[in-house]
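Quick note, the sequences are listed as chains A and B, same order.
At position 98 of the first sequence the residue is numbered 98 (our numbering), and the sequence of numbers has no breaks.
At position 265 of the second sequence the residue is numbered 265 (our numbering), and the sequence of numbers has no breaks.
Keep in mind the hints are simulated off the structure, nothing from the lab.
Just so you know, not all the hints are guaranteed correct.
[Claimed, not checked] Have a look at the derived ranges for each label pair, beta carbon to beta carbon: (1) Arg28(A) to Ser229(B): 25 to 33 Å; (2) Arg106(A) to Ile149(B): 43 to 51 Å; (3) Gly31(B) to Arg74(A): 40 to 48 Å; (4) Ser5(A) to Leu25(B): 57 to 65 Å; (5) Arg74(A) to Pro337(B): 32 to 40 Å; (6) Ser69(A) to Gly31(B): 48 to 56 Å; (7) Arg74(A) to Val268(B): 32 to 40 Å; (8) Glu120(A) to Ala27(B): 49 to 57 Å; (9) Pro153(A) to Ala30(B): 42 to 50 Å; (10) Leu118(A) to Gly31(B): 25 to 33 Å.
Predicted model, so just to flag it, every value in this text is computed and none were measured.
Backbone N, C-alpha and C define an ideal beta-carbon position, used for all residues, glycine too.
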Amino acid sequence: MLLLSLNNVTKTFGGLVAVAGFSAGVERGQTVGLIGPNGAGKTTVFNIVTGSIKPDAGFVFFAGHSISSLRPSRIVELGIARTFQTVRLFPHMSVLENVLSGRHCRMRAGIAAAFLRLPEQRREERAVLSAAMEELDFVGLAGKWNLPAGALPYGDQRRLEIARALATEPRLLILDEPAGGMNDRETAELTGLVAAVKARDITVMLIEHDMGFVMKVCDRVVVMENGALIAEGTPDEIRLNPKVIEAYLGPDEEG
Amino acid sequence: MSFSPSVPGPPAGSPPAAPEARLPLPAKAAGVAAFFLIPVVLQKAGLGSAPYWLDVLNTVGLYAILALSLNVILGHAGMFHMGHAAFFAVGAYVTAVLNLDCGWPVLWTLPAAGLAAGLFAAVVAGPIIHLRGDYLLIVTIGIVEIIRIALTNDVFGLTGGPNGRMGIARPTVFGFRITRPQHFFYLIWFSVAVSLVLFRRLELSRFGRALRFIKEDPVAAEGIGINTSRHKLLAFVIGAVWAGFAGTIYAARMRTISPDSFNFSESVLLFTIVILGGSGSRRGVLLGSFLVMGLPELFRGFQESRLLVFGAALVVMMIFRPQGLLPPGPAAYMLPPPWDGAPGAGGARNGAFGGGADEAGGAGGPSPPAGGPAGTGTSGEGR
């Protein structure tokens, strides 16, 4: 069964058609790469799935819910978490607090519980600190829990973003150019991290320009061009697909 | 002060925030005790001006409660709300009407005043909660003007028009009638202490954190699962409920309330207290209340020009310390086992958060942890 499916999703900005009748599906447990030349509409698709943009037409279904009209926070509650193309942490808050932001939607304590400091609320606060530290440990940042997020090196910031997203207990994790701006060593670490995420039975969907990375971590690859799907298949199929080669290298004129 | 829609913490490269000196518990307790002895000392000193200075302190305390409530909206959630006097007014008038027309004892009207102010906030803030920065500011100014004009025009025949309502009864606590400035001193400053404790708890909770995430980056907060509209609205309602409570105390103290007491400049004063003291910091807001409400009294020697001197002091402040006098320090967490020995636990903070002395207490116990000392000794917060 499909965990996520997009049916004929269309989005235009002014006169520009960013996504044109795009349909695709992601099966549970897969790691899916979304690739395509710049301006193909990949990030727009991600923004539609995560609810920060509403599609003009078409539907998005996630685990049996129609999510295209929901607000982003509700979609996170349903189990889709994301990282941003440009790092979007809370830079003046500590590494730990950044991860706590992801736990928010799995917590219950309200204002009254906080005012009265009910035992339940204190228990929850303790549990949430442990859970957050576990996520930090998972991405290898436990030792830096008390630093302001903005003080971390770039690679650490990207990993912190992933820890924050994982803290929401997602079923689907969406990574927007996770290896962007990373050096080879950091990219290699990221490959291991994505594999570890996958081992936790979390479905992953990612946009990435680093083809070596995509071919290594993804089970399936979806190729977009001009807002539409042009190819879909395993990394090996995509590598040899003439349409994909044309989209990336231009039409075969001079041979 | 900056009116850009996002003013999170200090910009990168700015001097680090001043360390919040964390006093040991006994020193705090002693400070609080000494403060609460002020009326006795002033009385014993036999100064003719004692009631006057107590009155000044009472005004400071009342504005501290109001500014602490505004701090939730402006300091934590980062919403530029310059109409707080509107909620204050709703609370005060509800108390006046319930006392004068329905015969309720004054302090019994407290929950009703808070509830009414909170409901009013929910209704007016609902449609404007998505507005950002200066746009929100302008609309909130509109709210306070609408309230003032409605009160002046004797809305529903309850508010008494421009003259307001007079003859509000004295409050009684367990049969004790509160009449004199020193009585009000205890009523007001006890309320300040309760507010400080409760708002501290709120800050260290899921809700308080959510507000800070929203202030720092609303898009990221929504994208990570925090319903930003809901939390911003709740912040408005909480702030308004508290301002409503303050309205009850104000009505009880003044016995006469009129629309003039709730005009735009009151809102500006409250806004100034929060920004000047340190947006988001309880002790900063408390200090701000002393400076903004108390300092002009000390400057009486300058007579006519005292507001000018005060204004100049404000300008100098905002140039040299735009983050406020006592900006909030980093939230401190004590990790539960097995993480309590995590590397970098104490030392990292000092270097990183540029405070230094702040949490220098050590790795073992940066002070207010989530599961830590439950509400003990918090009443001295901020002094």
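How does the Cβ-Cβ distance of arginine 28(A) and serine 229(B) compare with 25 to 33 Å: does it lie in that range?
-> 31 Å, holds
In this structure, is the beta-carbon distance linking arginine 106(A) and isoleucine 149(B) contained in 43 to 51 Å?
-> 46 Å, holds
Within 32 to 40 Å or not, the Cβ separation of arginine 74(A) and proline 337(B)?
-> 35 Å, holds
Satisfaction of the hinted span 49 to 57 Å by the C-beta atoms belonging to glutamate 120(A) and alanine 27(B) | Violated, since glutamate 120(A) and alanine 27(B) (Cβ atoms, about 33 Å apart) do not stay within the stated range.
Has the hinted range 32 to 40 Å been met by the Cβ atoms of arginine 74(A) and valine 268(B)?
-> Given about 38 Å between the Cβ atoms, the range holds.
Starting from the hint 48 to 56 Å, judge whether the C-beta atoms of serine 69(A) and glycine 31(B) obey it.
-> Holds: the Cβ-Cβ distance is about 54 Å, inside 48 to 56 Å.
Between glycine 31(B) and arginine 74(A), is the Cβ distance one that fits in 40 to 48 Å?
-> Given range 40 to 48 Å: holds, Cβ gap about 46 Å.
Could you tell me whether the CB distance from proline 153(A) to alanine 30(B) stays inside 42 to 50 Å?
-> 45 Å, holds
Pairwise beta carbon distance, serine 5(A) to leucine 25(B), judged against the given window 57 to 65 Å | At roughly 58 Å between Cβ atoms, leucine 25(B) and serine 5(A) fall inside 57 to 65 Å, so the hint holds.
Look at the Cβ atoms of leucine 118(A) and glycine 31(B) and judge whether their distance stays inside 25 to 33 Å.
-> 29 Å, holds
Hint violations for this structure: number 8 only, all remaining hints satisfied.
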